[in-house]
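Student: Okay, here's what each chain looks like letter by letter:
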Amino acid sequence: MRLRLEARQQPSQTMQWLSPFLAAVLAALGGGVVFALLGHNPATALATLFLAPLATLDGLTELGLKATPLLLCAIGIAVGVRANVWNIGAEGQLTLGAITGGGIALAFGGEGHWWTLPLMLFAGAAGGAFWAAIPALLRTKFNAHEILTTLMLSYVAIQVLGWLVHGPWIDPEGFNFPQTRMFADDAMLPVLLEGARLNAGFLLALLAVPLAWGLLSRTAVGFRLRTVGQAPAAARYAGFSANGAVWFSLVLSGALAGLAGVCEAAGPVGQLQPLMSPGYGFAAIIVAFLGRLHPVGILSASLLMALLYLGGEQLQVTLQLPIAATGTIQGMLLFFLLATDVFIDQRLVFTRGPAHA
Amino acid sequence: MHDGFALIALLVATLRAATPLLLAGFGELIAERSGVLNLGVEGMMLVGAAAGFIATASTGNPLLGLLVAAAAGALMAALFGFLTLTLRANQVACGLALTIFGVGLSALIGLPYQGTPITGLATVIWPDLDSAGPVVQQLMLLDPVVWLALALPFLVFAFLYRTRSGLVLRAVGESHDVAHALGYSVLRVRFAAVLFGGAMAGMGGSYLSLVYTPMWTENMVAGRGWIALALVVFSAWKPLWLALGAVLFGFVTIAQFHAEAFGLDVSSHLLSTLPYLATVVVLVLISRDAARLKLNAPAALGKPFSAAG
Numbered sequence: 001m002r003l004r005l006e007a008r009q010q011p012s013q014t015m016q017w018l019s020p021f022l023a024a025v026l027a028a029l030g031g032g033v034v035f036a037l038l039g040h041n042p043a044t045a046l047a048t049l050f051l052a053p054l055a056t057l058d059g060l061t062e063l064g065l066k067a068t069p070l071l072l073c074a075i076g077i078a079v080g081v082r083a084n085v086w087n088i089g090a091e092g093q094l095t096l097g098a099i100t101g102g103g104i105a106l107a108f109g110g111e112g113h114w115w116t117l118p119l120m121l122f123a124g125a126a127g128g129a130f131w132a133a134i135p136a137l138l139r140t141k142f143n144a145h146e147i148l149t150t151l152m153l154s155y156v157a158i159q160v161l162g163w164l165v166h167g168p169w170i171d172p173e174g175f176n177f178p179q180t181r182m183f184a185d186d187a188m189l190p191v192l193l194e195g196a197r198l199n200a201g202f203l204l205a206l207l208a209v210p211l212a213w214g215l216l217s218r219t220a221v222g223f224r225l226r227t228v229g230q231a232p233a234a235a236r237y238a239g240f241s242a243n244g245a246v247w248f249s250l251v252l253s254g255a256l257a258g259l260a261g262v263c264e265a266a267g268p269v270g271q272l273q274p275l276m277s278p279g280y281g282f283a284a285i286i287v288a289f290l291g292r293l294h295p296v297g298i299l300s301a302s303l304l305m306a307l308l309y310l311g312g313e314q315l316q317v318t319l320q321l322p323i324a325a326t327g328t329i330q331g332m333l334l335f336f337l338l339a340t341d342v343f344i345d346q347r348l349v350f351t352r353g354p355a356h357a
Numbered sequence: 001m002h003d004g005f006a007l008i009a010l011l012v013a014t015l016r017a018a019t020p021l022l023l024a025g026f027g028e029l030i031a032e033r034s035g036v037l038n039l040g041v042e043g044m045m046l047v048g049a050a051a052g053f054i055a056t057a058s059t060g061n062p063l064l065g066l067l068v069a070a071a072a073g074a075l076m077a078a079l080f081g082f083l084t085l086t087l088r089a090n091q092v093a094c095g096l097a098l099t100i101f102g103v104g105l106s107a108l109i110g111l112p113y114q115g116t117p118i119t120g121l122a123t124v125i126w127p128d129l130d131s132a133g134p135v136v137q138q139l140m141l142l143d144p145v146v147w148l149a150l151a152l153p154f155l156v157f158a159f160l161y162r163t164r165s166g167l168v169l170r171a172v173g174e175s176h177d178v179a180h181a182l183g184y185s186v187l188r189v190r191f192a193a194v195l196f197g198g199a200m201a202g203m204g205g206s207y208l209s210l211v212y213t214p215m216w217t218e219n220m221v222a223g224r225g226w227i228a229l230a231l232v233v234f235s236a237w238k239p240l241w242l243a244l245g246a247v248l249f250g251f252v253t254i255a256q257f258h259a260e261a262f263g264l265d266v267s268s269h270l271l272s273t274l275p276y277l278a279t280v281v282v283l284v285l286i287s288r289d290a291a292r293l294k295l296n297a298p299a300a301l302g303k304p305f306s307a308a309g
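Just so you know, the sequences run in chain order A and H. Each residue of the first sequence is one higher than the last, beginning at 1 in the working numbering. Each residue of the second sequence is one higher than the last, beginning at 1 in the working numbering.
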C-alpha cells in the first residue's frame, strides 16, 4: 500500500478554513519538542507560552499592544500578495515610519501644538509609503523584482536609523547611549486604560480591518488587484493596469507599515532606538498567510502571533528560555501552514499493490 | 613596491569577502538552473554558520565544521525540497518560510556558543614561505575554502556545459515536461540540485563563522544570502558572470572599511548600506531589459512539476 497525492476536482473549502488551525496545533506540538530538547517540561512551557499571558488583564492589553504593528503590516502585505506583489520589506518601511514620525516628535514635541501627534502619524505613514514607493518605481520602470529590492532597502533603513541614533539625533544627556531623548507627552499616543501600555494605535489598527475588507471585497479597486494577481492575461484584456496594482499595493502596505513604526515609537518605546521592532515586519508575512490574506483572518492571526511574542517574553522571565525559541516556533508555524495548505488543492489517496509510475 | 603590496592585500581581502557569496551563489545557480527558485538561502547560510561553529567549538576541527555546515544546509534544503517538490507547495512562500525558520533556529542553537572562542581554519601550509616575496606571502594567506570558491566557476561551468548530467539538469530547468517525456526523473534531478544548493549555502555561511570572523553572533549572515540570490539574477544564470559579480561585491564590502583611508569621513552605519544599495543598483541595471532577462532565465524556474501533467 502506498500513499499518493491526487489533485482534487475542486479546492476544499473545509481545508481552506481548517488549515491555519491545524498549522497552529502542529506548531505548538513542534514547540513542545523544542522545549523538551532544551530540557524543559513541554507542558509547563507550552502553558506559559499560550495560556499565562491570557490570564490577566495586563496580559490582554499587552496582547493588543503587540498585535498592533503585526496587524498593520500584515494587512498591507496581504493586499500586495493578492495582486501578486511581494512586499517583504515591511520591517524597513516600519523603521522609516519610526524615523519620519519620530523626527516630528523630536522637532515639535513639548511645544503644546494640537497638531503634533496627527502630523507624526501622517509623517510616519508617508515615510513608510515613500520607502515602499522606491521598489514600486524600480519594478514598474526597470522591472527589478520587489522581493529583493524591498528587502535590501530594509537593511538600508535599519542602518540609517542606526546612524541617526548614534549621530545627529543622539540624546545629548543620554550618557552616549545610542538613542534619542524620550518623546514629550504631547508626542505620545494616549493610552486606552489607566496604567496599561495599550494605546490608541490599537484602535487605528482595528480600524484598518473593516477598511481593508471593504476595499478588497466591495470596491472595483479590490477586484482589479485580485484580477491582476490571479489572471494577469484577463486583467490586461480588461485594461487593468498591472503597474497601477504594483504602485497601489506597495504604497498602501508601506504606509501601513510606516504607521506601525510611528505607533511603536510614540507608544511602547517612547523614543528612537537602534532597533524599533523585534522582527514584526517579517512575522507579519506569517500573519498574512495564516490569516488567509483576509482582513478578519489576519486580525485573529495577529493576536496569535502577538501571543507568541508575549508568551516568549514570559518564558524568558520564568524559565530562562531564550527568546529565539519563539522565533523557531514562528518559522515552524509558516512551514506547517504551507504543508497543510497543500491539502486544499490535493488529497492523499491510498493505492494498493505496486505503484504504476 | 609598497603600493603593489597594498594592492595584493586588498585583493586578498576582496576574495575572502567574496567567498561566502561565491559558495552560496553557485549553489543557488545550480538549483535555479534545474528550475527551482529557493529564496531560503539566507536561512540555510545562517543554520550552516551556527551548525559549523558548534561542530568546530565541540571538536576543535574546523574542517569537520565545514562539513557539518554543508550537511546542515542540505538538511534545510531537504525540508524545502519536500514541501515544494514532493508536496508541490508554492516555492516563493516556502523559501521565505525557510529563511524565517533559519533565522530563529540558528539563533536558538547558537545561543550557548555566543562569545565562545574557536581556532579558525588554518591556511594551506606551503614550504619555503619565508623565502618567498611579500606578495606571494600575502597570497599564501588565503585559506583552502577561498581556493575552492575560486575553482567553483570553472567546475560549475564544466559541469553545466561539458557533461551529460549538466545537460540533463539544464533540460529539466528549461522544460520539465520534455525532460520527463525523455525518461529523466525531474524530481530526482531537482532534489539533487536543491540539496547541492543547501550544502553550498551552509558552507558559505560557515565560512563567515569559522574563517571570516571566527565567532558566532545572531543574524551574522546579514543579508548575504539575499545578495547571493540577486547575484544569480545579475549573472543571467551564467557561471562566469556570477563569479565576476561576487568578486565585485566582495570589493564593495571591503571598500567600506577602507573608505576612511581614502579620506572619507562618513558614518560607518551609512557606509555599511553600500552593499545593499549596490545590490539594488545592479538589479535595476540587469532587469531593465525585460526581454533579455526572460530569455536567459531557466524557462521552468519556479514552476511546480507533476508527472500527471
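Simulated from the structure, these hints should not be mistaken for lab results. Just so you know, even glycine gets a beta-carbon here, dropped at the ideal spot from N, CA and C. Heads up, a few of these hints could be off.
Coverage of chain A stretches by chain H, computed from C-beta distances (three or more under 8 Å per stretch; other residues unrestricted) [what the hints assert, rightly or not]:
(1) 47-56
(2) 131-144
(3) 157-169
(4) 247-259
Student: Residue count check for the stretch 131-144 of chain A against chain H: does it reach three with CB-CB under 8 Å?
Tutor: The restraint on the stretch 131-144 of chain A holds, since 4 of its residues have a Cβ under 8 Å from chain H and three suffice.
Student: Taking a Cβ-to-Cβ distance below 8 Å as contact, does the stretch 157-169 of chain A have at least three residues touching chain H?
Tutor: holds (count 6)
Student: For the stretch 47-56 of chain A, does the count of residues with a C-beta closer than 8 Å to a C-beta of chain H reach 3?
Tutor: That given contact is violated, which follows from only 0 residues of the stretch 47-56 of chain A lying within Cβ reach (below 8 Å) of chain H.
Student: How about the stretch 247-259 of chain A: do at least three of its residues have a C-beta closer than 8 Å to a C-beta of chain H?
Tutor: Answer violated; 0 residues pass the 8 Å Cβ test.
In summary, the structure is inconsistent with hints 1, 4 from the numbered list given earlier, while agreeing with the others.
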